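Use these hints to put chain B onto chain A, whose structure you have.
As you go down the protein sequences, you meet chains A and B in turn. Taking the working numbering, the leading residue of the first sequence gets 1, the next gets one more, and so forth. Taking the working numbering, the leading residue of the second sequence gets 1, the next gets one more, and so forth.
Hints listed in this document are in silico derivations from the structure and should not be mistaken for laboratory results. All values reported here derive from a predicted model rather than from experimental measurement. There are no misleading hints in this set.
Pulled a few chain A residues facing chain B out of the computed Cβ check, cut under 7 Å:
{"hint": "1", "residue": "Glu5"}
{"hint": "2", "residue": "Ala8"}
{"hint": "3", "residue": "Arg12"}
{"hint": "4", "residue": "Arg15"}
{"hint": "5", "residue": "Ala16"}
{"hint": "6", "residue": "Gly81"}
{"hint": "7", "residue": "Arg82"}
{"hint": "8", "residue": "Trp85"}
{"hint": "9", "residue": "Ala90"}
Some chain A residues close to chain B (C-beta under 10 Å, calculated; not the full set):
{"hint": "10", "residue": "Arg2"}
{"hint": "11", "residue": "Gly11"}
{"hint": "12", "residue": "Leu18"}
{"hint": "13", "residue": "Arg19"}
{"hint": "14", "residue": "Val84"}
{"hint": "15", "residue": "Leu86"}
{"hint": "16", "residue": "Ala87"}
{"hint": "17", "residue": "Ser88"}
{"hint": "18", "residue": "Pro91"}
{"hint": "19", "residue": "Ser92"}
Each residue gets a CB set at the ideal place from its N, CA and C atoms; glycine is no exception.
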Amino acid sequence: MRMRELGALVGRYLRALLRGRGGRIALAASLIVFLGVLLATRGDGVSRSTLMLASFLVVGLVAFATAAWAGGLLPGDRAEGREVWLASLAPSGAARRLSAAVAGMVLAVAVAVAGSAVLAFVLPVVLPDASVRDAREIELPGRLRVGRGRRSVPEATLDLGGPVAEGATLELVVSPIYFGAGQESAEDATRQPLLLAWTIRGAGEETQGTAHLPRGAPVAIALPAGARTFTLSSRGPRVDVVVKEARVLGSERPLLLTLLLAGLVLGLTAATVAPVAVAISRWTSAPTATTASFVIAVAGGLRFLLPDLAMPDAGRLHELGLRIVSTAALLSPDLEALGVLGEPAAGRALESVGPAAFLPPLVYAAVALLVVAWPTRAEPARGRSS
Amino acid sequence: MISGCPSVQSQDVSSSPASPPSSPVLVTEGLARTFGRGARAVRALVRLDLEVAPGGCVGLLGLNGSGKSTTLNLVLGLLRPTAGRVEVFGGPAGRRTARARTGYVPEEARRFSSLTGRETVALFATLQGVKPRGERRRRVEEALEAVGLDPAARDRRVNEYSRGMARRLALAAAWVHRPALLVLDEPTSGLDPLGTEEILALLAVHREEGGATLLSTHDRVTAEGACDRIVVLERGTVVREGRTDDLLEGDASPSLAGLLRAAPDA
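So that you can see chain A by itself, here it is in the shape it has in the complex (with noise of 0.2 Å):
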């Protein structure tokens, strides 16, 4: 296999998957979809987190279908004849095949990076806030529980990792845990707001305040310019806090940098499924290639849904609509990575992302090629699909 042959090829299929009519109904409908989402969350009651994450969630709808697209690539040359004429010339079999997985891969990285850059320039003319922050993160000790219960400690001490600049803010995600009273206590108990006091040192004098915990969010505490520790304890009388998160939010991060390397991750991860799509073409039609390859990926982002589609006694439909979802949940790419794009809907800047979280899908995306590339024991030149 040569490479400026290889290369070629992705060319060829680039183009067919831009300049066909697909492609621009397409963008069309991603544009309108995303227009809508835009609207549908516009107002003071949507948060930065809904509204971003919205947005992600079109573009790499759009994403994963382009990746998906790449199915019909293979039947298309098939089903007009080309097949046949591309399999007289030199490259090989596995070199088509392989370059339209490939072109597959290039598409949905570069939809989810532009996506991603439009993102970067529409959010904040609709959202004020949307802006990310440096995070750090602080190390906790193992599982810290504050309060007075008898596996808690009074008060914990936290190393905010040195002076802390300007304008810095502690941000905490905390859960409650209610002890040492009956049923009804324990409801009155959670009806009581909780409060979590707090001394801040290392900024000259000590700072001592109170905050409010809400439930289901992080608590937010600004942090003079200086300070080195934070010491927290709970005031609630039978309620212990959990401390399960600790960052220090600092100065403000280019939003457009942090979009485009959430873009990335977002293109690479749809990626893993043009192979998989181009594999299923060697065997099916286009359409049938494409809606596979899918409700493949789509089946890898409900993964955690399964334990509770689980139903004992639900009648043999259900039985089997949940074995067509867990054997596609198999086969379907580790979509984990993904959880990085909860940093900037939270507004935390993107720094850099480890190779770890790409491993997963790049190992998917290895077999997936090599079933690509794997020659079938039809016909000499054409092989099956080719």
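Chain B only, in chain A's frame:
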């Protein structure tokens, strides 16, 4: 057009012909192909012995279903023979080296609808190993000129092409890397007389440069104009072989006789 076509420098092309002049480019011996098995088996080609030397042209003439396209597919390595053997450039058909030195024009004008005419020929040049880029660009222009494709149409998408333009483009794509063997399936189908003349002139240039040609056609005039030897196939069997004039003598089935005596396209 052909008269304006610059001289060919096939040594610049990585896939340029390199066979000794004496050795045949294409040899088939007892070549046969059957589709299906048992009672449903269809014998598309019964037995074909063929030899095409450098600079030579063999035309396969026959009606639909006579085995012409099957023969071409066997020569290209797109089908395996059921019996017999086919050797291209001294080795089995379908090898990469053989494919790189062969130019093929399929029967139907297959279109790469997302590409322009120029992009299509450039794609074929790249895939068939024409390099470097400057040489590739020159070859593309030469090939488009040689087949007489309207310059205004060269940068238009090929889905806007007429059938005749698509045939010219297919031939340009097959010839751009100066193949040592041209395999043509109905090369003049859909062309007007002027177009046919231009294609025949291109084939003459190809032969003068030492290229071999195997073509299949319904059209006696094309076969006569392009080839020095004609093989007439009927139901997969060779029924006549030789020069066109010789073929007109002797008995032939009524349908075949009609084909052999067909008047040139007006």
